[in-house]
Structure formats: structure tokens, C-alpha cells
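First to last, the protein sequences are chains A and B.
Residue 47 in numbering that gives the first Met the number 0 is what sits at position 48 of the first sequence, and the numbering runs on without skipping anything.
Residue 55 in numbering that gives the first Met the number 0 is what sits at position 56 of the second sequence, and the numbering runs on without skipping anything.
Just so you know, these hints were derived from the structure itself, not from any lab.
No incorrect hints appear here.
Label-pair distances were calculated between CB atoms; the ranges are: (1) D2/A with E9/B: 47 to 57 Å; (2) A13/B with L91/A: 41 to 51 Å; (3) V25/A with G120/B: 26 to 36 Å; (4) G138/A with E16/B: 16 to 26 Å; (5) G120/A with H54/B: 19 to 29 Å; (6) R177/B with T131/A: 20 to 30 Å; (7) S37/A with A97/B: 36 to 46 Å; (8) D176/B with T131/A: 19 to 29 Å.
To give an idea of the chain A side of the interface with chain B (calculated C-beta under 7 Å), a few residues: (9) D112; (10) E144; (11) V145; (12) G148; (13) S149; (14) A153; (15) A178; (16) S185.
Note that CB positions come from ideal geometry on N, CA and C, so glycine has one too.
2 protein chains.
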Amino acid sequence: MPDTTARLREAAYALFEQQGYAATTVDQIAARAGVGRSTFFRAFGSKEDVIFPDHEALVARVAARLETLGSDPGSAPIGATEAARIVLEHYLAEGDLARARYRLTASVPTLRDREVSSTTGYRRLFRDALRTWTGEEPGDDLRAEVIAGSIVTAHNHVLRRWLRGDLDDAGAREALDRALGLVLTSISATASDARSGAALRDGTTVVVMRSGATVEQVLPQIRAALGRERPHEGPSPA
Amino acid sequence: MPDTTARLREAAYALFEQQGYAATTVDQIAARAGVGRSTFFRAFGSKEDVIFPDHEALVARVAARLETLGSDPGSAPIGATEAARIVLEHYLAEGDLARARYRLTASVPTLRDREVSSTTGYRRLFRDALRTWTGEEPGDDLRAEVIAGSIVTAHNHVLRRWLRGDLDDAGAREALDRALGLVLTSISATASDARSGAALRDGTTVVVMRSGATVEQVLPQIRAALGRERPHEGPSPA
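So that you can see chain A by itself, here it is in the shape it has in the complex (with noise of 0.2 Å):
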């Protein structure tokens, strides 16, 4: 029953605006959707449960998107930041409801820990599909997991500016081109020694990408980058 699923959503939602979550019972969502309790526990197993988007499907259509990376050095992380987008696009679908259960997710403990308890599916996720291409082993799998979490994170910044409607639709399709543009940079950095530069044994570490330029369209770059480094030292005390 779909509709009645959405209609008690719907519901739920107008009271936990209206009164507050935790003033708000099972019984007066059912009375307010037209059904009764019994019907509310055949669609959700909890008032909590209501809030929740169907974290499952999302994950499952994510999911079958890594899939088809393969382990190709050139192709891997972009195909991960494109699921990345599947994430973002249904949100954009969810519209209001994604914006209400925002502000209620923001205002209630418990539900903010579910909230951000749940990005860790998404990170674990990403995390296992790029194993394939880091050659890293489950458990010893650092790159991966930074790689996931560096996808994860540009996402959710994203998602967050929409929630809070700094950002329209077409603007967090923008920002999450970006975004996803600015982690590409950085995983090909993690992935250097592997992959797309060299570190050299004196802990210099060269990184080029996206090549097209000649060594002497680049030296200027690097002799000025050589030339201002500092060593790497911590701060001094304050």
C-alpha cells in the first residue's frame, strides 16, 4: 500500500512540525492519515521508521552502479563519483520532504545519531567497490577508505547546502560537479605511487596529471614549487 505509506508519512511529518517529534504519538499519526495503529505498524516498525527515506533502495540502485567498475586505473574513481549522483538525484526528487526531515534530524539527538550513523552504509559501500582498483586487501584498505570518504563527504557537503536551501536544484548538480571534480584531483594523489605519479626514496613525492603538456611546458611549475616548499615542520607553540 504505497499510498497509505506516503500518506502516513505525510502526516507524521505535519504533526512533528506542528507539535514537536516527541509530543507526537502513533495514534494521532494514524488518526491524522485516516487508518488505524495497526495499519501504521503493517507500513513502519516505529515512529522513527517513519522519518527515515528508504535508505535500502537508494543503497541497492548505488550499489548495482559500483558494480560495473571495473578495475581499470582510468575509470574506476569516476565511476564512483557518478554514483555519487544517484545519491544527490533522489534527494532532489524527495524535494520538501528531504528539507523537513532535515530540520527535524537537526533538532533531535537520537535521530541526528541514525542520520549520520547511516553515511557509514554508503562509505562502506563505496569503500569495498574501490578496493578493486587500490588492490588493497578487506581490512588493510586505507585508500579505498579514504577515496570513499572523500566521495561521501563532497556529496553530503553538497546535500547539506540544499537541505538548507543555500542551493537550488541546479546549483547542487553544480557544486556536486565540482565537488566530485576536486576529489578526482585528490585521488589521484592517494593513488600516486600506483598509479599516475612516483615517490622518490628522499620522501619527495611528484605528482602529474592529466598529461598533454610537455615536461618543458611544466618545469617552470615545479622549479617554482620546489623553490618556495618549506620543510615540513609542525607549527611552533604558541
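With chain A held as given, fit chain B onto it using these hints.
Below, chain B without anything else, positioned relative to chain A:
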């Protein structure tokens, strides 16, 4: 009464491991510690609070370290990674208590949610400290957030391996050094256009870190990197 607090915590963990978290009452914890119920509630707000570390004190120490970061491009990210070491050392000092907490939070969903959610505070702390360095505005601080996220992810990756018993104390310190080194490489790339590298107009980005090498030493790596780079293309459809 720090002794009472420690005794209550010890009693609580012993009971949680023996008979499970849900089945253990505050009265049982107090009785085992040889104190009354009201003494328990002077030390802790709830049964759940016994489990979690004193995040406030730890966050204050990390914040104090982060306050010493200036806007110096060379040292701010390194100082931030050093602040992450403070957190690892805190857990290493807790020893078995930290490992018992890990087993417990892994098995009780609401505890796990709270544990995961507590990392948000650290992410925010690092993000705000790094914003001076990235030169971003609050709310529009993607770079600072991605870098902060990478530091926290790298730290938690190593911490988790130690909590599971995959690493001993020395192994964890070593693994954190390597993990933070990886993050520093990625920071260099995410900040490349503004700080420690250079972007050419044709899209080639060169990042050079940890100077000490001459251009001549670095050249072979650059040639190799330019030679084996592939153009950035999306994956072919599966």
C-alpha cells in the same frame, strides 16, 4: 570522585560483557561497584553515558592543538595531522577499556549510532581549523571539509584495526604515520591550485611535496608520469 567513576565504569563493562547491555540495570551496576543508585547518577547521566569516553576533554585537547595552526601553507595540514595523533594516543592509553567499548558499540545499534555520530564533532573541529588555511568561508568550505574528513577517516581506519586487535600499540602508531602521510599527499593535490603546486592552463597539474630533491632528481619521475598517464574518460557502459 574519579575513583568512584572508574569503579562504576569497570562494574558496568563487566556486567555488559557477562549478561549483555540491555539486561543490565543501573541498580546492578551500582551494587557491583559498592555504591548507591544516586551515586551512579551523580557520576553519569544514564546507563548509556557510562560507555562513552570523555569526548569533551579530548575534543578540548585537540582543539587547543588546532588553535596553534596558522594560515601558513606549509604547516597547517601537518599540524592538523599531528592533532589526529592526540586522539589515537588517548585510545591507546585507555587500552582494554577502549576495546571493550568497541565490542559493545558494535553489537548495540543505538550505541553504534552514537559512536559514529561522535566523529562529526571531530570532523567539524578539523574543518573549522583548516578553513583559515584553505581561505574558504563557513558553509562554503568544501576543501576544508574534504581534508578534515580524510584526516578523520585515516585516523579511524587505523584506530579500528587497533581496536580489533589487528595492530599492537607500536603498529598502530606506525600505521597512523603512514596513513597521515597518504592524506598529506592528497591534501597537497586538493590545495594545489592555491598553494603548493601549480596548475597549467591546459589542465595539467603538478604537485611537488617535501622538497629537498633537486629538479634533476625529480625529472625522471615526471617524464615517466607524463608518459603513462591516460586521458580522463568515463568508463564505458557495462
